[in-house]
Each structure stands twice: as C-alpha cells, then as structure tokens.
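Colleague: In case you want the letters, here they are:
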Amino acid sequence: MKKIMLGNEAVARGAYEAGVKLVSSYPGTPSTEITEVIADYKEVSCEWAPNEKVGAEVAIGASIRGARAMTCMKHVGLNVAADPLFTVAYTGVNGGLVFCVADDPGMHSSQNEQDTRNHGRSSKVPVFEPSDSQECKDFIKHAFEFSEEYDTPVILRLHTRVSHSRSVVEICDPKPIEVKDYVKDPSKYVMMPANAIKRHVVVEDRTKKIIKDSSDLTKNIGLHKVEMRDTKLGIITAGATYQYVRDAAPDASVLKLGMVWPLPMDLIKDFASKVDRLVVVEELDPFIENEIKANGVKCEGKELFTMLGEYTAKMIRAALTDLPLPEEGIDATNLPVAPGRPPVLCAGCPHKGLFLALSRLKVQVMGDIGCYTLGALPPMQAVDTVICMGASVGMAHGFDKATDGVDSKKTVGVIGDSTFLHSGITNLLNAVYNESAITLIILDNSITGMTGHQQNPSTGRNIRLEEAPAVDLEGLCRSLGVASVRVIDPVDTFGSEKVIKEELDKDVVSVIIARRPCALIPTGRAKKGVEVSVDYDKCKACGACGRIMCPALIMGDDKKPMIDAEQCNNCGLCVNVCKFDALMKGEE
Amino acid sequence: MENFEASIVLAGVGGQGTLIAGKLLGILSLKLGLDVKVSEVHGMSQRGGSVITYVKIGKEVHSPIVEPGTADFVLSFEEVESVRWSNLLKKDGVMIVNSQKIKSLPVLLKQVEYPSDIKASLEAGAIGDTKIIEIDALGAALECGTSKATNIVMLGALSKYFGIDDAIWKEAIEEAFAAKPKTIPLNIEAFNKGKALA
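Which chain is which? The protein sequence lines are A and B, in order.
Its first residue numbered 1, the first sequence is counted upward by one per residue in this note's numbering.
Its first residue numbered 589, the second sequence is counted upward by one per residue in this note's numbering.
In isolation and in its complexed conformation, chain B is listed as follows (with noise of 0.2 Å):
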C-alpha cells in the first residue's frame, strides 16, 4: 500500500456533497498510513456556481492542485461538469459521471442550450485507454432515502477501481459519518450501490 498514489478530481455544483466526499478521501488516505491534500473552494464560487476539489494521496504529495492532463480519476458529480474538467483526466485514466443534469440560469432562460449525447461526445473524444463511466448516482441514492447520499454512490462507484479493500472504505464512511451515526447505514448502502453500477 506505500507506493499507492493517486489524484482525484470531484468536479460538481456548489452544494451536491463534493466537500465531503474529498474529505472521506482524505480520511481514508490517513487509514492507509499516506500522506494527501485536499483543495477545496469556498466564497462567493459556491452561490450555484460550478465547484472543484482536488484530492492528491501518496508517499510525499506537494501541490495540493491537480494539473492538466495527471487526474487519475475525475468524478463529475453533474453531467455537464465533466465536459468542463475534462482536460484534466490523463491519458488511460477513469472518468465517471453522475447522469445528473443541473441546468445554469443561462439554460434555464434559454439563452444556450444544455448538450446532449455529452457520455457520446466524451467516449468519442477517449484517447487510448481511458474509461468513460456514466451512473444515475441521484436515482440511487434517492433508493437509498435521500438526494444528499449522491455522493457517497459516486465514491462507491469510484471504488471498483481504486484497488482498494472494501473494508478500508467502509471504516471511512464510518469516521467521515461518526457525528451522525444514524447515517452510517444508508451511506454503506449508497457506496454499495454505486459499485455495483459503475
């Protein structure tokens, strides 16, 4: 597990969970005796605006930003998202995309269009490799009692191919929820789901 590395982007909208999920990351980063950062973006960018956060775990990691190109990972929490921070997944890398849509004001007053086919687009656009995985993450975690567990299904998903042990995750969840630990469940639930459907 020491040499385990990996660079995640948790790409969404301001208030769909992406702050937890980086920081049950981070937590799971300590569990595998690593080191990791976590940059996240507060202020006026969260009022509806498009939110990024970056997770990087390794041996030694500096940067806490992931650059153009290095994402092992990017998980785009709504489904235009990942069109946006598409750049950053690197070559063979995995991207996996919640189906969800949330349409800007600049959509909603018709001004520009929200696009289709974007999971069509992105494959076409696939170089090498690299993975291109789409999950309804809202529709299961409404399965399992609320919208607030999307992000937890999209970890679950990210699970299948993080070369990980279960167990390791779910002791997590179980820290990142200890205040609430009516929630544990659902949430155990939630990343179930989410690995099954990725």
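Just chain A, same shape as in the assembly (with noise of 0.2 Å):
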C-alpha cells in the first residue's frame, strides 16, 4: 500500500517495520515526530527521556541486551549524547543501534548549523542520509540490519527539508520483535583500557572492511546508486541535495551517496575516471570534498558553493549549468513591502508577563532554549545571552565569580522546566556547591513548549499521555541545596517584578518557579465566564497595554485597545498593566 508519509513518519515507519523494541529521544525540531509516531506503535516501549545522553544509554542498554533499539534527536542533541556515542562504537552492539540525528542546515529552528557527519567521523560510526521519504524508510531498515552484521552502532542522518518533507512511501509489513540472547563478555562491554585497546583494534578494522565492502555496488551495503548520464559534468552528492542536483543539472552523471562515512573511496575514483569535470555537492562542510582530496582524487566544490544555509536548485544550476533562470510572472519593481512577519509569544504566554518584569528591572538575562528565547526581541529584549541547553544557569554563577558576587544582584538565568531538567539540575548544584549568589528563574508552563508540546517528567504524563510520576520541582531544587525557593504567577507581572528583586538582593542561591500552563496546552486555555472587556470612557490611550505586544489587542487608530475575542486567552495581562483601570476581566 502507497502512503504519503512525512520524512519522520516514514523513519519510525521503517524502525517499526524493523523490529524495533525501544526508541527513547529527547524532543528537537527537527527531530520530534519521529518518537511522536513511534508511540503510536504500541507494541514498541517508547518514551521521552530528560536529555539526549540518557535517551542514547537506555538506546545502548537495549541493544545490548539483545533488542533493536533507536534514540533520536537535532544536530545539538548529538553533542550532548556525545560522550556514550563515543564509546559505544568501541563496543559494538547486541541488537541493531541507530541514532537518528536531524541537521537543520539555514537554522529554520537552531542555534547553529553544524554538520553530524562530523561526529561520525570522529566517533568512527557509519553515516547514512537518505533522500525522501521512502529513502527514509529504506534506510533506517537497511541501517538496523547494517548495525547487527557489521557490530557497529549506526547514525541515520536526516535534515530539516528530508525530515519535513512529505512524498509517497510503500507499507509493509512488520518484522516481528525479536530480542536476542544477552552474553556477559566483559572483554566487549567493559571499556576499562585493557578492553579498550583491542576494542579500537576492532574499530580501525571494521572501518576498512565497511570502506572495502561498500564499493562493491553487488553488495549494496552502502546504498549508493551511480547515474551514468552525460559525462561532461560528474556529480557527487547526499540526501535532499541530491534532489536539488536533479532539478539543476537533469543531464549530469551523478554519484548519489547513501552512506556518507566512511566513503567507497574505490567507487568514488572510478566515477572520478569517468568524467571530464568531478564537482561534489553538500550543503554545509566540505565533508565529502576533503576527504576525496586527502584521497589524491581531484573535484571542485567549496570553491563553487557556499558553507552557509540550504542550498537550492537554482543556486546549483547557476553555478553548473549555463540554463536560463525561469521567468517570474510578477514584476515586483512597484510591488508595496510586506510588512515583517517575526515570531511572537503568543496570547496569554506567561513567559511574557515574566519578560516584562525582567525588562522593568532592567537586569542582564541569561536566557535558555525554548519559546523564551523570542524575550530576545522587542518589545521587553530583555535576553542577554543564548548558547545551549542548560546554560542560563552556568552561565549566571560564572557572572557571579568573574565579579565577586557583584553581578549576581543584577543578573538572573531564564530556564524553562523541560530544558531545567534536561541539563539544569547539575548546573544548579554546581552553583549552590561553589555558593554563588545567583537567581534562577524556572518558566514552569508545564510542558515542552517550542518543539510542540511534548511532556517531560515534571508534567504527570508520559509520551502516550498515561499518568507518570511528576517531579516536584520545589522539592529537586530544595534537595540539591537551594537556600531560597519560591513560587509566583508571572501574569502579575507587578508581584513577579518584587519577588524577583527581593530575590536578587539574597546573598545566596535564589529559585523563583514561575508557574502558569502554556496557553496552548489544555490546562492553559481561555477560560469562560472571564472574558477581557475595555471600558473607553476610562481609557487613556497611554499604550501601556500596547508595549505587552499581545496578538489579541488590536490598537485603534485613536491608540485604544480592541481585544480580538478569537485570540484572547482571558489571561489578565493587560489588565494587570493598565493603571486607569479600563481593562477588566471577570472573576475566575
């Protein structure tokens, strides 16, 4: 049966097909729906864990065992699941072991736009990266059979324009879960430096019979396909650029890599003699290029194409091809500018009632990843500075000891509860330890916002949203020391901004819980019976309510607020902000 499957539906999908046992993933865009549909298989355990590295150990606990086992996640999460990954490669596996990593090449939804096939490399683990949908399932079938005959873990490369990208996929049926025999053999599983020293033995060993076998294109284990079309132009490329090579240049032979570490050199050197001109084409580093150069085979590329975002058609037919441009059918030389469309916190988001208290108290802001970091744009621009997951907090304690606590009265880290308990909790004891002054501020709303509402520990579901245990937030901050814990709702704005300067005059480690639903979420929605009205003749047009920059307040042109019934969340921000008492709500 034909399906039209999005690239993530179709890689859990093809793990399902496989026989997967366990997939365990922590959340990023554009990683997400491969778990999400996982869960819909109910004969495979599936969960959400806190972080990357604890998805990736239970991943690698499962195989071990016995089970096919897959942990998922975006570029970044490789970094953190980095260190099991590492190592795992010198153990090998027991099931087949595939992580799933998502690059977002243009950052649509990152913080950066590094390149996986790098810690493939350096991990020494094989690199697939499929093309479209059906590639998607291919491969993540065809990676699991990989991992068990050659006794490696296996890294599914996929990117934001594969993952979120939607065509037609064939269905079949599933292989049933088997999970294998569990053999103690420390000598294999016990990387202590005795073990280790042969095991990476085995490594550089099985790194070459992989490059030997996978020019054999009999064997098929690196799913590579050559394309043998006019020989003028020589193509050498990977996943959705291949697609856009195909649009470009629809007459060039191309070499369509499927595994992209470690590389058939021997096949690429044949295509090479092929050719009169070898050009290789991947968006980000010149991963492919370099190697087949250190490898003495001659190729353009960089030189040609930029390292930066996402590479199109019409970039490459520009550089390849002397084909004209396609004539637009409007010219745009009269056309009016359209106006900015930048992202917004939504109506009734309690990170923005918080935000605008950070940005009355005029302190430096530590911010994190998730929804909160657009606190970053105007009107509050009350962040300071993003790195990466968890970093608001390490990076409040290090203003505090590069000043002697001074910056610590003046400076609070911004953390929501997902990604606090991703990787905030060792920060948090790291500061109480070392007894730094800082405030940190837990925007609790109850769920994993950015990525699309995910649950994480400390909402009381679980990815299938059955009741699991939820962690008591007060508590965790408490156990680990934290002298000062305190709850405030951030839509009183007012209230957040004392606590909040009571907090920060403590010479000790403060938590202030910031605690409302995301207004997306069931438990944050609109509540009835407590609609927000504008009374006129009370109404000084003074634009208070206006720099909340609310979807739902529309300014008149005479500067007084209409509410927009549709957007309104009843929150009670704007009534809290107007001093003339002209916005109200009803009681809740």
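If you are wondering where the hints come from, they were derived from the structure by calculation, not from laboratory data.
Please read all numbers here as calculations on a predicted model, not as lab measurements.
Where is the CB? At the ideal position from N, CA and C, for every residue including glycine.
Only true hints are included.
Ranges of calculated distance between the beta carbons of each label pair, as one might list FRET restraints: (1) Arg65/A - Phe592/B: 48 to 54 Å; (2) Lys689/B - Asp472/A: 44 to 50 Å; (3) Phe494/A - Gly603/B: 30 to 36 Å; (4) Pro326/A - Asp705/B: 25 to 31 Å; (5) Gly751/B - Ala332/A: 26 to 32 Å; (6) Asn112/A - Phe592/B: 39 to 45 Å; (7) Gly460/A - Lys748/B: 48 to 54 Å; (8) Asp564/A - Pro769/B: 28 to 34 Å.
Two chains, two separate frames, one set of hints: put the complex together.
Modeller: Structure representation (structure tokens):
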C-alpha cells in the first residue's frame, strides 16, 4: 500500500517494520515527530528521556541486551549524547542500534548549523543519509541490519527538508520483534583501558572492511547509486541535495552516496575516471570533498558553493550550467513592501508577564533554549545571552564569579521546566556547591513548548499521555541545597517584579518558579466567563497595554485597544498593566 | 493524467491550515497515480510567523522546493503574504489571494503600515497571461460554519484552474477528513463555494 508520509513518519514506520523494540529520545526540531509517531505503535517501548545522553544510554542498554533500539535527536542533541556515542562505537552492539540525528541547515529552528557527519567520522560510526521519505524508510531498515552485521552503531543523518517533507512511501508488514540472548562479555562491553585498547583495533579493522565492502555495488551495503548520463559533468552528492542536483542539472552523471561516512573510495575513483569534470555538491562543511581530495582525487566543491544555509536548485543551476533562469510572473518593482512577520510569544503566553518584569528591572538575563528565547525580541529585548540547553544557570554563575558576586545582584538565569530537567539540575547543584548568589527563574509552563508540546518528567504524563510520576520542582531545588525557593504567577507581572527584586538582593542561590501553563495546552487555554473587556470612558490611550505586544490586542487609530475575542486567552496581563482600570476581566 | 504536472505554493500565517491543504494535495496526487512532494516548515517559525508549504506533483518529482518563477499556482491565505512570495509565481501562472488581513505586530504597533490596494499592485505587475484572483475565503468559510474551512475554500478556488475532476477532489477531501467524518459535508460545501468565487 502507498501512503504519503513525512520523512520523520517514514523513519518511524521503517523502524517499526524493522522490529525496533525500544525508542528513547529528547524532542528537538526537526527530529521530534519520529518518536511521536513511534508512540502510536503500541508494541514498541517508547519514551521521552530528560535529555539526549539519557535517551542514547537507554537505547545502548536495550541494544546490548539484544533488542533493536533507536534514539532520535536534533543535531545539537548529539553533542549531549556524544559521550556514550564515542564509546559504544568501541563496544559495538547486540541488537541493531541507530542514532537518528536531524540537522537544520538554514537554522529554521536552531542555534547553530553544525554538520553531524563530523561526529560520525570522529566517533568512527557509519552515517547514512536518505533523500526522501521512501529512502527514510528503506535506509532505517537497512541501518538496523547493517548495525548487526558489522557490529556497530549507525547514525541516520536527516535534515529539515527530508524530515519535514511528505512524499510517497510503500508500506510493508512489520517484522516481529525479537530480543536476542545476552551473553556476558566484559572484553567487549567493559571499556576499561585493557579492553578498550583491543576494541580500538576492532573499530579500525571494521572501518576498513566497510570501506572495501561499500565500494562493491553488488553488495549494496552503502546504498550508493551511480547514474551515468552525460559524462561532461559528474556530480557527487547525497541526501536532499541530490534532489536539488537532479532539478538543476538533469543531464549530469551523478554518484549519489547513501553512506556518507566512511566513503567508498574505489567507487568514487571509478566514477571520477569516467567524467570530464567532477564536482561535489554538499550543504554545510566540505566533508565529502575533503575526504576525496585527501585520497588524491581531483574535484571542485566549496570554491563554487557556500558553507552557509540550504542549497537550492537555482543556486546549483547557476554554478554548474548555463540554463536560463525561469521567467517570473509578477514584476516586483512597484509592489509594496510586505511588513515583517517575526515569530511572537502567543496571546496568553505566561512568559510575557515575566519578561516585562525583567525588562522593567533592567537586569542582565542569561537565556536558554525554548519559546522564551523570543524574550530577546522587541518589545522586551530582555535576554542577554542564549548558547545551549542549560547554559543559563552556569553562565549566571560565571557572571557571579567573574565579578566576585557583584553581578548576582543584577543578573538572572531563565530556563524552562523541560530545559531545566534536561541539563539545568547539575548546573544548579554546581552553583550551590561553589557558593554562588545567582537567581534562577524556572519558567514552568507544564510542557515542552517550542518543539510542539511534548510531555516531560514534570508534567505528570508520559509520551502516550498516560499518567506518570511528576517531579516536585520545589522539592528538587531544595534537595540540591537551594536556600530560597519561591513560586510566582507571571501574569501578576508587578508582583513577580517584587519577588525577583527581593531574591536578587539575597546572598544565596535563589530559585523562583514562574508557574502558569502554556496557553496552547488544555490546562492553559482561555477560561470561560472571565472575558477581558475595555471601558473606553476610562481608557486614556496611554499605550501601556500595547507594549505587551499581545496578538489579541489590536490598537485602534485612537491608540485605544480592541480585544480580538478569538485570540484572547483571558490571561489578564493587559488588565494588570492598565493603570486606569480601563481593562477588566471577570472573577475566575 | 499521467503527464499532469503542477507546482503549488501555499503561503500564509501559522495556524491558517496551509499544512492540511498541503496534505490534501498530497492525497489528491496519490489518487491520480502521480508522484508528489510536500515541504513544510515547523518549529519556531510557526509562532505567528509567515509559513510556506510547497507542493510539487508530476510523474517523477525530485526537489520538494518550488524555485522562483516556477510555481504554476500561488495560493496566498493572507493578503500581504501574496506580495512576500510573488517571486515564486511563473509567467502565465495563477495567483489566488484570500482578502483576509492578519496584521503582524509591527503593524499592530503602528511601526509600519499594512499596504493598501495589494490586488491592484499585483495586477499592475502581472506579466503576460499571469492571473491574479482575489476572493473572500474567510467569509465563505464562516458561511459554512467555521473559519477553519478557509483552506478548503482556497483549494476550491484552485480547482477551477487545476484541470482535475471535482469527483477526485471530493474523494481526496473525504480521505483527508476521514478521522472527523462529521466535517466532510461542511468541507465539501467550502470547496464548492471556493470554486464558485474564483
């Protein structure tokens, strides 16, 4: 049966058809849907882990116990999971083990543009790269078999345009889940020096064997494809870029790589010998190009193409062919300029009231990864730094120590509930242990928001929305030694400001939990009977409510607000900032 | 039908139902026995930002991205988005614009003005047989009972120029809403209204 599937759905389907027993992941765009779809296959043990390192270690455990296992993450998530990755490369597997890692060239929803292939090479883990949904399904199935055959973990490298494109997939029946026997084997699984020294030999031999086997197209272990057309131009490419190449230069010969590390050097040399001009087309780093050049094959690459962002067929066509550009249907010379449409915090978003308070306090804000990163944009412009998951806490401590405690009077860290549980806990422990005076604000909106509302250990539900134990954030912080733990409602923006000020003044580590559910989840949606309304006689058109930048507040030509009832969450933040009682809401 | 080819751009604002419209075009292509790719944007850009979905249909589709000057159809679910993505439309292509205006925050805060006479500007710039069609898709959807049907009104308008039988469109609508069968009649009505308006 044929179905239209998102690349991520097809990965999930393929893993299911391959008999995967366990999937443990942390959400991250553009990888999230893989694990969400797996959760629909009830026979698979599927869970959200608090971070990628945990997810990877759970999958490694299941693999060594004999089950096929998978962990999924975005590119930066693999940095968190890199520690187990580099050593499971030595132990090898029992049941097939796959790391699905989704890159984000163009940074649609990411803080950097790192190229996962480098992690594959430095950890010596083979990397496969599909180019559409059908390949997502075929490649993941192959990856499990390959993992078991060569006794190695495998990385399936996806990226935004593959993960988030829908295309046609042929559905097959699933293979029954089989868990192999586990046999105790310390020489393979206990990586202390005496054993690891021997395992490193195995790893290098394994890589050599893979390179040799993957050059043999009849074995098809690398899933490479040689398409000979006109031999004036030969292109080596992989993944989504292959699709752009086919649109841009339909007559060129193409070597499409399935496994992008290690490379089938004999196959590449053979292809190079058959074409007049050899060009490598790859987004981000000159990864294939440098490997090929290091093996003495002449080719062109990054002198023609950028290391930044996503490629397009147009860009490739311009660089490699003299085909004309398509004619556009509308002459844009006299069109008006479309006003910008930046992403915004939603109507009723609990982060708004908090960032308004921080903005009034004019404090330094160490930010973190989540919807609240948008607190860096106008009108709040409250956030000073955003680096990676959990960094807010450590950086606030760094500001404290760099100034002998002075900056802790005017610096806060802000971190979401899910991000705190991901990598804020050890940071907070460190701040207590090393006698900091930081103030950390945990934005507890009861969900992992930005990635599309996933459950986490603080929400009381698991990935299948069944009831699950919920961590007590206040108790957790106290048990780490935090002397002052307080809870605020961020919609009470002035009350929140007062509490933040009091905690900044203390010479100990403080945690403030700003608690209100995300406006987009059932517990956070608009309550009935408490609708917000405007008394236009009292309104002085002062503009204070407009500065909230709430999408539900429309400013009239008289600078007085109108409420968009469809959008309004009835949170009451605008009511709280109105000094003239012109905005009102009913009692909850 | 086997030589049918089309590139469609669905441009709008997060939450307007462009993703579902893209999915429906995917189902339609499968019914036609054709290859199809639909490219979406998720994540941060969905938070009130401008969103774009590409759909490419044909015998064999490679890239899921519609390049400038190659879209046979641009469906703009919000008026000013038509200007933002106008470069994607090919010469002699068809642009269908929903007259609904969703003001972004810079406009709500009166930092910039929402442009007026968008349709006239687009028409003035149209080259060759390029068509600009503006309809009140939101109004038509509300007549059917919900603003959520705006996307299906837009597809109805598209169907007038698409060259595929209504019967196949309706099968695709039934399949797309199979999980919520009660909404099928409403969506068929929305589709018919869109076709009549275009």
